[in-house]
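**Q** Chains G, D and X are the protein sequences, given in the same order.
Be aware that the first sequence starts at 3, since it is given in our numbering, and climbs by one per residue.
Be aware that the second sequence starts at 1074, since it is given in our numbering, and climbs by one per residue.
Be aware that the third sequence starts at 103, since it is given in our numbering, and climbs by one per residue.
It is possible that some hints are incorrect.
As the list claims (entries may be wrong) - Taking beta-carbon pairs under 10 angstroms as the criterion, some of the chain X residues facing chain D (in silico):
#1 Ala177
#2 Pro184
#3 Leu187
#4 His188
For the record, the hints were derived by calculation from the structure and aren't laboratory data.
Source: prediction; values computed, not measured.
Ideal Cβ positions, reconstructed from N, Cα and C, are used throughout, including at glycine.
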Amino acid sequence: MNSFARHLRKEWLAAVLFLAPSMIGFSIFYLFPFATGLLYSVQDTTIDGSFVGLDNYQAVLSSGSFRKAASNTLLFTGVSVPLIIMLSLLFAHLLNKKLFIRGWLQTAFVMPLVVPAASIVMMWQILFDWNGTLNAWMQHLQAGRIDWMKSDGSILVLIMIYIWKNVGYNIILFLAGLQSIPKDYYETADIEGAGELHKWRHITWVYLTPTTVFVVLMSIIQSFKVFRETYLIAGDYPHDRIYMLQHYMNNMFLSLDVQKLTAAAALMVCAILLLVSAMLMLERRFRSYME
Amino acid sequence: MIVEIQLNKRKKTIAVVSGVFTLILIGFTLFSQTLMSLTLPKVTLASVIRGNLNHEYESTGVLKWKVEKALSSQSGWKVEKVAVKQGDVVQKGQELIAYDGKEMEQQLLDEQAILSKLKLTKDSLQYAVIEAKQGEDTKAINDATNAYKSYEIDIDIQQRRIQKLQDSLLENAKLIAPFDGVVTKVNAMEGFPSTGEPDVLVASQSLGLELELYLPDPAVASLKAGDEMDLLVDEEKARQIIGRVATIQDDEAGVPSNGDGDGVTARIPMKRLQISIEDHSVKEGMKAKVILTQSVEDMLLISPSAIHDENGKKYVFGLEQKAGPLGNAFYVRKMYITVVDSNESQSAITGEMFEEEQIIMESSEPLQEGDKIRMQPS
Amino acid sequence: MALLRKTMLTVIMGAFALIMLFPMIITFSNSFMAESEIDYNYHLIGKMVDVAAGEKNEFINLKLIPDWVSLDQYAEVLIHKPMFLHMFWNSVCIVLPIIIGQVAVAALAAFAFAKLKFWGREKLFIVYVMTMLMPFQVTLVPNYIIAGRLGLMNSSSAIILPGIFGAFGVFMLRQFMLHIPYAYLEAAKIDGAGPLRIFYSIMLPLIKPGMAALTVLLFVDHWNMVEQPLIFLEDAFKQPLSLYLSRINEGARGVAFAASVLYMTPMILLFLYAESYFIEGIQMSGIKG
Chain G
3 MNSFARHLRK EWLAAVLFLA PSMIGFSIFY LFPFATGLLY SVQDTTIDGS FVGLDNYQAV
63 LSSGSFRKAA SNTLLFTGVS VPLIIMLSLL FAHLLNKKLF IRGWLQTAFV MPLVVPAASI
123 VMMWQILFDW NGTLNAWMQH LQAGRIDWMK SDGSILVLIM IYIWKNVGYN IILFLAGLQS
183 IPKDYYETAD IEGAGELHKW RHITWVYLTP TTVFVVLMSI IQSFKVFRET YLIAGDYPHD
243 RIYMLQHYMN NMFLSLDVQK LTAAAALMVC AILLLVSAML MLERRFRSYM E
Chain D
1074 MIVEIQLNKR KKTIAVVSGV FTLILIGFTL FSQTLMSLTL PKVTLASVIR GNLNHEYEST
1134 GVLKWKVEKA LSSQSGWKVE KVAVKQGDVV QKGQELIAYD GKEMEQQLLD EQAILSKLKL
1194 TKDSLQYAVI EAKQGEDTKA INDATNAYKS YEIDIDIQQR RIQKLQDSLL ENAKLIAPFD
1254 GVVTKVNAME GFPSTGEPDV LVASQSLGLE LELYLPDPAV ASLKAGDEMD LLVDEEKARQ
1314 IIGRVATIQD DEAGVPSNGD GDGVTARIPM KRLQISIEDH SVKEGMKAKV ILTQSVEDML
1374 LISPSAIHDE NGKKYVFGLE QKAGPLGNAF YVRKMYITVV DSNESQSAIT GEMFEEEQII
1434 MESSEPLQEG DKIRMQPS
Chain X
103 MALLRKTMLT VIMGAFALIM LFPMIITFSN SFMAESEIDY NYHLIGKMVD VAAGEKNEFI
163 NLKLIPDWVS LDQYAEVLIH KPMFLHMFWN SVCIVLPIII GQVAVAALAA FAFAKLKFWG
223 REKLFIVYVM TMLMPFQVTL VPNYIIAGRL GLMNSSSAII LPGIFGAFGV FMLRQFMLHI
283 PYAYLEAAKI DGAGPLRIFY SIMLPLIKPG MAALTVLLFV DHWNMVEQPL IFLEDAFKQP
343 LSLYLSRINE GARGVAFAAS VLYMTPMILL FLYAESYFIE GIQMSGIKG
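Given these sequences and hints, build the entire structure.
**A** Spelled out as structure tokens, the structure:
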């Protein structure tokens, strides 16, 4: 008993030593900023500010541009995440089939993930400009031109870019999930004479659910990162349809409105936390249901 | 196993490609400056200097005798003999040209014959007077006396006529030198009458030579009559002599100056200078040159070839040094200037410039403001 | 029959793969166009052509194969634009310290999270994971203020230091370490090895694939950085290549393709070289620990 306690203390000491470098830096550059950010969001000024409660939050919530940004972000995430999940699941299934040059095909799907956003912006401009290639094709099909980046179509463009870039990541995850399903399950089902759809619903989908939860989570996180492309293509003030929360925060930063920025950030964090815990709860419930 | 080997092969290829890529980038990083400078326009520089702008005016003329007498005959007779040739030194009174006066000599002989004929009547007229005086007839006396007087008058007239012819013959039969001098030109030819031009020109040696020059107004601004000036005489070896300004006069004609390309030829007012030369070592007909220098003091001077024109606005290309990531780089800067004055090799300018500033003289390519350039190693 | 099916499927997937690769292919092929050809083909970008007003109904002339293969753009970028290479090395000088630093710091912390028992281990780990999920803008202001306090403004350290202490490395390496059975470590422990010794001579060799995967993922993430340098590095001499490209797209369109190709080449080479690690890394992060 005594030796176990000593052993535990020794391990605790070791843990502190191992964690120290990471913890120090992490505190300085992440924890502390996050805490001060929260503090700023309930004060009236950054330096020697006094507590104003939720005034800043109220101001942010009642601001038109925040609402616009929030609803755009929500719309974008709400549309693009289900879409990308479906597409990546489809492609993962197809890639899991017997194919020639499978390795190369997989590489091609993952490649966009590593291509720097800035290096491909020119391509998006060529495709989606008023005089762009996409409009040229539309004209061929007797459809009129659309000024993609300056209309409601811009959100479609963003969804396309988002899917193009992140579908590979999800495909990899789904492929791993698919490959981890024991083959004999399908064989048993075959013997029982189950149809393809039945097999998919009762074996594949069930086994893929944990992966799907993670994929959804990652897709949501990545959907926030599409800001980079938007920013590079459309700048600080894009069309109303693609004015995202990050634009709002960026512009608040540029106009030095720290209170609104931190309040908006805190709101976003809350939303993300809610989403994540909801997803994890869903997964836990699913697990207990499985068991 | 085979897949593994293939994978390793692929990795090896990628590693090699990465290595090459990195080396290329490092290479360009280290040598891009050098490579770039090879492709930049190459320029040669000159600095702006402060100094005097000298205008050099040059004019050439031919030395001439100062006084030259044109001699000719009014008779229209044929030339009988040309006694001198061009360049002969002659004394005062020396015969130069003899004319053929035969016609007049003939006339003289005729007149003399008439006189002799008249004289033949003298005795009979004298006898008639004496005879009449022996009588008492006054009328006869008067008639005889009048006839004799009339005879005497006729004689006088005839004698004067002869005298006149003789004088004329003497005068027109030859040309003689009016003073000690040199025959500068002979137009007369033996056997032909004079052509209207002076038959012979004689110059006075004692008065010396003179030079007539045309110079632009500003060049002679500081000169006045009586000033001495240096002349270069063009012999086998150029030699300097001294002349003295005799007169300065306006010249009506003027000389078209090479205008600034507008097609408008501004006329520079010209002056005519007469310079007398007392140096006896030079000869008539030599070419003499005068070089006058006018200087405008304390100006910023640059070479005219560095000045460019843009719709009448003049500018030069200067340099701008900017700190680049890899050392300093030089860029072209346009500087507007005003050309105050200029001569063949230098222009005096004003503008935002200072002494010793470097400007671009020549470039391997046409330049524009902001171009990066490299300097010719000098 | 099976062969036909396989061929058909390959063709269909190949078509999709081509769509995925399309932007890269175009960028690569167009990087061999002369600047004048680029200008001729793409001068219409950003112009509003009013067809109703009688203007010519024209479109950008997207071309796969240049009329004239030329190395113009590369020469221009590599020789005449010294800023490009300068910023390229800036990027390298920002990304390499982040990778080395984060792999080292994260390996240590991940070992503590994965294999050492201490109070509050799970809760602390959740805090780490949470920050990983936050968009960069959330901590923008406090980060900015801290960078100012530490005198890091306008210095690449303002990007490198937060990069080193990012939570992602800790998260990922922990995932890898969880898969190493305790039995490996117990054996060493019985031999009397301390935690440091165990970490150094047993854990590190075993998680080499994990570190490789982390290296690739970090490289992708930070080579791509746009927002951070935009805010922390005002001085163009210190900015990484990503900002050069975002600027070149506005001005010198003629060399944008070659610059893009040079910018993405290290990324793609690394990806092709370490694709298996990359995929393993992504899959590992997806498996619940």
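**Q** Hint numbers the structure violates, sorted upward?
**A** Of the numbered hints given earlier, the structure breaks none, since each of them holds.
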